[in-house]
Structure formats: structure tokens, C-alpha cells
Amino acid sequence: MCFKAKQLCKLVLYPAIVLLSIFGGSAWAEEAQRWQVNMTPGVTEIGHKIFDLHMLVFWICVITGIGVFAYLIYSIVAFRKSQGAESAHFHENTTVEILWTVIPFLILIAIAVPSTKTLLEIYDTDDADLDILVTGYQWKWKYEYLDANGENVSFFSNLSTAQGEIYNAEDKGQHYLLEVDEPVVVPVGKKIRFLVTANDVLHSWWVPAIAVKRDAVPGFINESWTRIEEPGIYRGQCAELCGRNHGYMPIVVHAVEQEEYDAWLAERKAKAAQIKELMSKNFTLDEQMEAGKAIYMSACVACHGVNGEGGVGKPIAGSPIATGEITGLINILVNGKPGSAMPAFGNQFNDVDLAAVITFARNGFGNNMGDVVQPIDVYNFKQGQ
Amino acid sequence: MGEHHGPAKGISRWFLTTNHKDIGALYLWFSFAMFLLGGSFAMIIRAELFQPGLQLVEPEFFNQMTTMHGLVMVFGAIMPAFVGLANYMIPMMIGAPDMALPRMNNWSFWILPPAFTILAGTLFMEGGGPNFGWTFYAPLSTTYAPPSVTFFIFGVHIMGLSSIMGAINIIATIVNMRAPGMTYMKMPLFVWTWLITAFLLVAVMPVLAGAVTMMLMDIHFGTSFFSAAGGGDPVLFQHIFWFFGHPEVYIIILPAFGVVSHIIPAFSRKPLFGYDSMVYATASIAFLSFIVWAHHMYTVGMPVAGELFFMYATTLIAVPTAAKVFNWITTMFRGSLSFETPMLFAIGFVVLFTIGGFTGLMLSIAPADFQYHDTYFVVAHFHYTMVAGAIFAMSASVYYWIHKWTGRRYNESMGKAHFWISFLGFNLTFFPQHFVGLAGMPRRIPDYALQFADFNMMSSIGAFIYGASQLLFLYNVIATIRSGKKDDTAKTWDGAEGLEWEVPSPAPYHTFSVPPQVK
Ligand SMILES: [Cu+2]
Chain P
0 MCFKAKQLCK LVLYPAIVLL SIFGGSAWAE EAQRWQVNMT PGVTEIGHKI
50 FDLHMLVFWI CVITGIGVFA YLIYSIVAFR KSQGAESAHF HENTTVEILW
100 TVIPFLILIA IAVPSTKTLL EIYDTDDADL DILVTGYQWK WKYEYLDANG
150 ENVSFFSNLS TAQGEIYNAE DKGQHYLLEV DEPVVVPVGK KIRFLVTAND
200 VLHSWWVPAI AVKRDAVPGF INESWTRIEE PGIYRGQCAE LCGRNHGYMP
250 IVVHAVEQEE YDAWLAERKA KAAQIKELMS KNFTLDEQME AGKAIYMSAC
300 VACHGVNGEG GVGKPIAGSP IATGEITGLI NILVNGKPGS AMPAFGNQFN
350 DVDLAAVITF ARNGFGNNMG DVVQPIDVYN FKQGQ
Chain Y
0 MGEHHGPAKG ISRWFLTTNH KDIGALYLWF SFAMFLLGGS FAMIIRAELF
50 QPGLQLVEPE FFNQMTTMHG LVMVFGAIMP AFVGLANYMI PMMIGAPDMA
100 LPRMNNWSFW ILPPAFTILA GTLFMEGGGP NFGWTFYAPL STTYAPPSVT
150 FFIFGVHIMG LSSIMGAINI IATIVNMRAP GMTYMKMPLF VWTWLITAFL
200 LVAVMPVLAG AVTMMLMDIH FGTSFFSAAG GGDPVLFQHI FWFFGHPEVY
250 IIILPAFGVV SHIIPAFSRK PLFGYDSMVY ATASIAFLSF IVWAHHMYTV
300 GMPVAGELFF MYATTLIAVP TAAKVFNWIT TMFRGSLSFE TPMLFAIGFV
350 VLFTIGGFTG LMLSIAPADF QYHDTYFVVA HFHYTMVAGA IFAMSASVYY
400 WIHKWTGRRY NESMGKAHFW ISFLGFNLTF FPQHFVGLAG MPRRIPDYAL
450 QFADFNMMSS IGAFIYGASQ LLFLYNVIAT IRSGKKDDTA KTWDGAEGLE
500 WEVPSPAPYH TFSVPPQVK
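Going line by line, the protein sequences match chains P and Y. Take the first sequence: its position 204, counted from the start at 1, is 203 in numbering that gives the first Met the number 0, and no numbers get skipped. Take the second sequence: its position 331, counted from the start at 1, is 330 in numbering that gives the first Met the number 0, and no numbers get skipped.
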């Protein structure tokens with residue numbers, strides 16, 4: 000019997016030690032690592048609290064588990080019929096049953112206290128230094144930095160992993176599926192409030208390292224906040240099934256020092272101002288064709304082909320819409336074609352770029368309609384609808 | 000009157016039967032077929048996830064696979080399996096000649112195959128089958144759904160009807176047809192857990208029917224229950240869905256608790272430690288299951304008071320659940336244990352379900368759930384409860400009662416092999432999913448970042464092993480029916496207790512035409 004108990008001890012302790020060594024390590028990088036087995040504590044105070052809570056409950060489970068499984072294994076080993084065990088016939092023992100009801104209950108209360116505290120902190124979204132409106136689209140994110148003077152900065156953030164990597168034609172890069180064309184830039188040490196919503200279906204904005212996950216619900220605005228302690232690049236993904244490309248709408252947050260953030264924001268604003276100026280400019284056909292071609296080659300070529308010959312999308316060369324009534328062409332670019340793969344670009348591009356690519360569709364690939372679409376035309380079209 | 004007749008001959012026996020054993024067998028075979036179908040969807044999912052990148056299927060199809068896997072397994076495999084078991088066993092366990100409403104019984108089974116034909120048929124329709132997850136959150140399942148969603152709704156309605164009729168029948172049988180002397184507190188636990196389950200079914204299946212009907216209205220009749228643009232609320236859908244969905248998970252697991260509470264005492268040769276407390280624990284779990292639904296929605300933006308209420312209520316479920324686990328182990332303590340296949344599956348159930356319970360406790364903690372929600376950690380958690388819980392218990396039941404059903408013995412070594420391969424395959428599949436989930440891998444994605452590759456490959460290998468082991472099970476069952484060793488002893492297992500062990504094996508077509516006396 001004594002010998003058995005020793006063996007049992009070993010059997011139980013060994014996995015516990017292995018577990019300890021796996022979960023005990025505290026050197027967590029900002030990004031998920033190969034063979035990573037645990038949650039990241041991340042780079043925010045709340046993240047650390049969540050992590051501690053997670054570990055608290057985890058260890059309570061491990062210790063209870065060791066107890067329960069030791070009891071089970073002992074019963075299995077010690078009371079085998081094949082070893083001549085005879086069964087006792089006891090049952091019902093009120094004291095024991097009350098004990099195993101009350102003890103778990105007390106443990107639950109011990110967990111509930113820190114959980115409640117942390118939850119209240121997560122919900123305290125007051126007094127933010129910076130508000131960012133995050134909107135989920137099928138399948139990209141839009142970020143809008145809300146400015147007291149109405150000079151909002153906004154842009155879309157798309158997956159930048161090449162199709163070739165996804166379809167295994169090229170080698171996959173280090174940040175496969177977790178890279179975007181335009182990251183969200185935020186200052187460190189500031190309370191940033193995210194106002195999360197969606198344009199079409201549900202999405203969920205999640206970046207593990209900064210401990211924010213909020214569902215993006217069309218028609219509603221959810222609030223969440225973070226205060227990032229260390230500069231760095233933090234990556235996340237959409238966490239609510241949102242259709243075909245749910246797996247392909249990552250999030251990248253660049254946390255930078257305040258000065259760097261200010262410089263970035265200033266540059267963004269200058270760019271916005273520049274666009275405003277361009278809005279009233281009259282472009283020549285050549286200017287529009289050149290700018291439009293560049294946009295076409297990045298945003299349209301996948302569906303419409305290098306020579307406008309079509310593919311997923313209909314041909315642009317000789318297209319009745321591209322060569323027809325001009326508002327028809329502006330309309331399909333601004334609003335897309337619902338029910339088809341043709342996306343609405345009205346919110347993705349500014350009017351200057353839209354005007355350029357529309358001009359290109361009208362005159363490129365031998366369509367040669369000869370007219371130039373100006374940014375103000377697009378602007379007026381949008382106002383008029 | 001009183002003349003015993005056997006089953007009708009030919010195919011009409013199965014279409015027209017009102018016999019609880021025939022209908023039970025139909026349910027069991029149907030659910031196994033669905034288990035293989037849902038399992039093959041899972042194999043496609045795991046094959047695609049074997050490596051990062053898209054290799055086999057496109058994301059649209061992948062989404063249809065995750066959706067159909069969930070729907071078929073929950074509504075086609077697990078639920079009908081336990082209804083089948085109830086049909087077969089409950090009349091025998093309570094000393095009744097048949098179910099209370101035999102014609103309705105026939106009907107509640109026979110509307111199932113059409114329902115699942117419609118559901119599976121959506122995969123071949125234009126635009127593909129349902130691709131919005133088994134939880135079918137609006138507006139992805141309404142405004143943005145493929146046209147086949149209407150057929151999906153029709154299918155859900157039919158299977159809901161089937162479940163409600165089945166539940167009413169079970170309640171009517173248990174309440175009215177117990178043998179003289181069998182008071183409620185003398186009923187076998189499987190009967191108790193099913194009685195409670197049946198009440199859950201009657202309470203929540205209409206809620207599901209309401210949810211899909213509202214979807215139908217939104218899609219075809221211009222209402223906006225779930226569309227914010229028309230003044231509706233997409234979150235409302237989730238509340239309604241989970242008001243059904245949370246009791247649903249207990250509908251799945253309570254009958255499993257019941258069978259384990261038969262098998263463990265039988266192979267411990269010792270009565271269940273605390274019968275009364277098992278009954279009370281089951282009832283409290285059922286009650287709590289109605290007030291915890293929003294723990295599936297911690298990140299949806301509820302007010303903090305709601306968040307706290309659902310967190311506290313959810314953690315409370317740990318108390319009766321723990322009582323059950325302690326109860327099973329204490330039944331084994333100082334028993335005289337042997338480890339035939341049913342017992343192996345029952346012990347496997349206790350171990351793995353406990354792990355699923357632990358992760359459940361972790362998930363109930365709202366702040367931590369902000370990191371766990373919609374990751375593979377959740378996927379791991381519910382497969383520990385659904386597969387290692389419900390499906391292990393179901394396998395245990397088949398081995399436990401198959402001799403009673405067929406009068407033939409199954410092959411014990413093949414049964415044990417089935418257990419050990421399943422156990423290994425299951426853990427290899429789902430244990431690593433805890434890790435990738437914690438490390439940040441969202442669920443329902445066809446492709447993933449490179450750091451998740453190793454564990455996903457393990458998971459896929461495990462899934463193929465687990466899948467293959469079910470074919471061994473099928474082979475063993477068929478071999479038993481066709482050529483298992485004949486043996487008409489009434490008591491298959493020396494430690495088993497209950498009325499079903501007092502009739503010969505196989506149990507005659509009509510058992511207990513004269514009610515037995517229960518002391
Ligand atoms: Cu999304």
C-alpha cells in the first residue's frame with residue numbers, strides 16, 4: 000500500500016511539474032510565438048490583470064484537478080476486482096455532500112472578487128485622451144481618429160499578404176495573414192478609447208497584446224479602451240465570423256512615442272488638406288490617366304485584368320457602362336454592384352483618386368471617350384444621391 | 000388481447016412501426032449515420048487546417064463545412080442518439096410496455112430524415128449551403144445569407160418539431176407509465192435526467208423556432224427584427240439564440256450524466272454514492288441553464304450589471320457539476336472495479352468532462368473571456384464536453400446495452416481498442432487547441448498565421464485517428480449483430496441494477512405487458 004502511494008505521488012507530481020515549467024515562464028514576446036501555449040499578458044495594465052486572473056483560475060483548476068484525478072486514479076488502482084477487491088456498500092453521507100458543495104462555492108467567491116474588480120476597470124471608458132472610431136467592413140477595417148475640431152483622419156486597413164502566399168505559390172512571410180497596408184498608429188501611455196461598430200455584418204476587433212476585444216455590431220457603437228505601456232507592433236484578427244474572408248481581416252497596431260504619433264497625425268492631416276485642395280483642382284486628361292492607371296493596377300487588376308479584359312469582373316475594354324452615361328460609371332464605382340463581386344469604392348478612396356480611376360476606365364483600354372472626370376464631379380454625385 | 004405478436008415483416012416494419020425498440024433502433028442508426036456525415040465534414044475542416052495556406056477548399060466552402068459540421072453533430076447526431084436511447088431504454092427501465100404515445104413516436108422519428116435531407120441538400124444549391132456558423136448570427140444569416148437559408152430554416156423547424164414531440168412523449172411516458180411502486184425517487188437516473196431534459200426541450204425548442212421564424216420574416220417579408228437599419232437589433236438575435244442554446248448544451252449532456260450514473264455503479268459493484276444529490280444536482284443545473292445564456296456574449300457590449308449577473312450565475316454551475324464528479328468517483332472508491340469497455344468510456348468521460356468543466360469555469364470569468372472568446376480555446380472546451388462528454392457516454396451506452404438489444408456479445412478487445420484509439424485521437428486533436436486558442440488563434444478561419452502551424456498539424460492528425468476509430472466501432476457493432484456470440488442471460492453485467500436486466504436478452508419485442516412490482 001505504502002509503495003503504491005509513492006508511485007501514485009510520482010504519477011501525479013510529474014505532470015504538475017511539466018505544467019509548471021510550461022506555464023511558469025514569464026518572458027512573453029509581443030507576438031505569438033511558435034509553440035506558444037499560453038495567453039499573452041500583453042503590454043497594458045488591464046492585460047496583466049486579465050492574465051493574472053486567468054492564471055489564478057488556471058491554478059485553482061490544476062490543484063483541484065490534481066486532487067480529483069489523484070482520488071480517481073487511487074480508486075482505480077486500489078480497488079480492482081482483478082486484485083480481489085470486495086466492494087463496500089456505503090452510500091449517502093450528508094456531511095461529505097455538504098462539504099463538496101460548500102467548498103467549491105467558497106472558491107467561486109474567492110474568484111468572483113478579483114474578476115469583478117477587473118471587469119469594472121475594463122468598463123471604465125471615461126476620460127480618454129484619444130478616440131478612434133473602428134468600423135468593420137467585409138473584409139477590412141476602417142479607422143477614424145475623432146478630432147475636436149472636426150479634422151478627422153480616416154483610412155482603411157486591408158490585409159497586405161499576397162494572394163500567392165495564401166495559395167502556396169510563394170513562400171509565406173513572417174507575418175503571414177497578420178499584416179496590413181495601413182496600421183493604426185497610437186501613442187503610448189495615453190488612454191485610447193475605441194468606438195467599435197460595423198458597416199455590414201458582425202465583426203469583432205481583437206488585439207490580444209493590448210487586451211481589447213469588442214464586437215462590432217452594425218447600428219450600435221461599443222466602447223473599449225487601452226493604455227499601451229511599451230512602443231511596439233501588436234497584431235490581431237477579426238474574431239467574429241463575418242463571411243468569406245473572415246480569416247483575412249487582420250489588425251495591426253503601431254504604438255509609438257507621443258512625438259512620433261504627433262508627427263504621423265500631422266502628416267496625415269496635411270495629406271487630407273492636400274486632398275481638399277486637389278478637390279477644387281482641374282486635372283488634365285494625361286494627369287488623370289496616369290494617376291488612374293496606378294490605382295487601377297493595384298485595386299482593380301485582380302478582377303478586371305491587366306488589359307481590361309475582365310476575369311472575375313466584366314471587361315472594362317468596350318464596357319457599355321464605362322463608355323455609357325458618365326453618372327452610370329461614377330455610380331458603379333461609388334456604390335459597387337450589390338449582389339456581385341464589384342465592391343463599393345465610395346468610402347475606400349477619396350474623391351481625387353476616384354475621379355482618376357474613373358477617368359482611366361473611361362479612356363483606357365481603347366475606350367477613349369475623351370472626357371475627364373474631376374474630383375468635384377464625384378463629390379457632387381455623392382452629394383446628390 | 001394479450002396475444003404477443005412479433006414485428007411486421009419487410010420494410011413496412013420500419014415505416015409503420017410504433018414499437019419503442021424499433022423506433023429506438025431507427026433513431027440510433029440514423030444518428031450514427033449523421034455522426035459519420037458530420038464527422039466527414041470535420042475531416043475536411045481538419046484537412047484544410049493541416050497546414051497554413053489554402054490547399055483543398057475555398058473559404059466559402061470551408062465556412063459551409065464548419066456550419067454543417069456543427070448543425071449535423073448537434074441536431075442530427077447527438078440529440079437523436081439520446082432520444083433513441085431514451086426510446087429503447089426508458090420503457091424497459093420503468094417497467095412500461097411501450098412509450099405513452101406510440102404513433103406520435105413514429106412520426107417524430109420519420110420527419111427527421113427529410114429534415115436532414117433538406118439540410119444536407121442545401122450544399123448543392125446555388126450559392127451553397129449555410130455558411131454562417133452553427134450559431135447562425137444575424138445579419139450574416141439573414142441579409143447576407145445565401146438563398147439556401149430558407150431551406151435551412153425549414154429544416155430547423157422540422158427537427159424542432161421532432162424534438163418537441165419526442166420530449167412530450169418521454170414526459171408522458173415517465174409521468175404515467177411507471178410500474179407500481181416506482182416512485183419518482185426510485186426512478187433510475189437515466190430516467191430522471193431524461194425527464195428533466197425533456198422539460199428543457201419543451202421549454203426551449205419553441206424559442207429556436209421563434210428565432211428562425213423571425214429570420215424568415217426578415218429575409219422574405221420585410222421585417223427588421225435583426226436589422227439595425229430598420230430599427231431592429233442584431234444582438235437581439237444572439238439573446239434569443241442563446242436562450243435556446245445554453246439549455247441546449249445541457250439537453251445534450253444531462254442524458255449522458257444519466258448513463259454514466261448507471262455504468263459506474265455497475266462496474267464498481269457498488270450503489271451510486273448519492274442518488275438524491277445526483278437528482279438535485281441535475282435539477283439545479285437545469286434551472287441554472289436558463290439564466291446564464293449571455294455568457295456566450297460577454298464581448299457583445301452588454302451593460303456591466305448584466306455582465307456581472309451572467310458571470311456569477313455561470314460560475315454557480317460549477318457547484319452541482321462538481322458534486323456530480325465527486326459522486327461518481329466516490330462510487331468507485333472502495334468498490335470492486337473491473338474495466339470492460341463501457342467502464343473505460345465512462346471513466347474517460349469523467350476525466351475529460353472534468354477538464355471541459357475546468358475550462359468552462361475559466362471561460363465563465365468575464366474579463367478573461369475577453370481574451371478567450373471566439374478562439375480555439377472555446378473550440379477545445381466545448382469538444383471536451385460534447386465529444387468526450389456526450390459521444391463518449393453514447394459509446395459507453397452502446398457497449399453497455401448492446402447485449403440486451405441483440406442477445407449477442409460484442410468483441411471486448413475490439414471495444415477496448417476503440418476506446419484507447421478514441422481517447423488518444425481525441426486528446427491529440429483537442430488538447431493542443433487550448434494552446435493555439437490562448438496564443439490567439441480565432442475560430443472559424445480557413446487559414447492561420449504561421450506560429451499556429453505545429454499544433455494545428457497535431458490536431459489534424461489526432462482528428463484523423465479519432466475519425467478512423469469510429470469505423471472500428473461501426474464494424475464492431477455490425478459484427479456483434481451479425482455474428483456475435485449468442486447468450487441469453489438476462490444480466491449482462493454482474494453489478495448492473497435495474498428492471499431492464501430482469502428480462503431476457505435480447506429483450507422481447509414487447510416487454511412488461513404485465514407491470515412488474517417495484518419494491
Ligand atoms: Cu470580420
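Keep in mind that the hints were calculated from the coordinates and are not lab data. Incorrect hints may appear among the rest.
[Unchecked claim] A partial selection of chain Y residues facing chain P, derived with a Cβ cut-off under 10 Å:
hint: 1; residue: T222
hint: 2; residue: S226
hint: 3; residue: M296
hint: 4; residue: F369
hint: 5; residue: G424
hint: 6; residue: N426
[Claimed, not checked] Heads up, simulated DSSO-like pairs for lysine-lysine below, C-alpha to C-alpha not over 27 Å straight-line:
hint: 7; chain 1: P; residue 1: K336; chain 2: P; residue 2: K189
hint: 8; chain 1: P; residue 1: K80; chain 2: Y; residue 2: K8
hint: 9; chain 1: Y; residue 1: K484; chain 2: P; residue 2: K80
Heads up, the beta-carbon is just placed ideally off N, CA and C, and yes, glycines get one too.
Legend entry - Structure versus earlier hints, numbers of those that do not hold, lowest first: Structure breaks hints 1, 5, 6, 7, 8.
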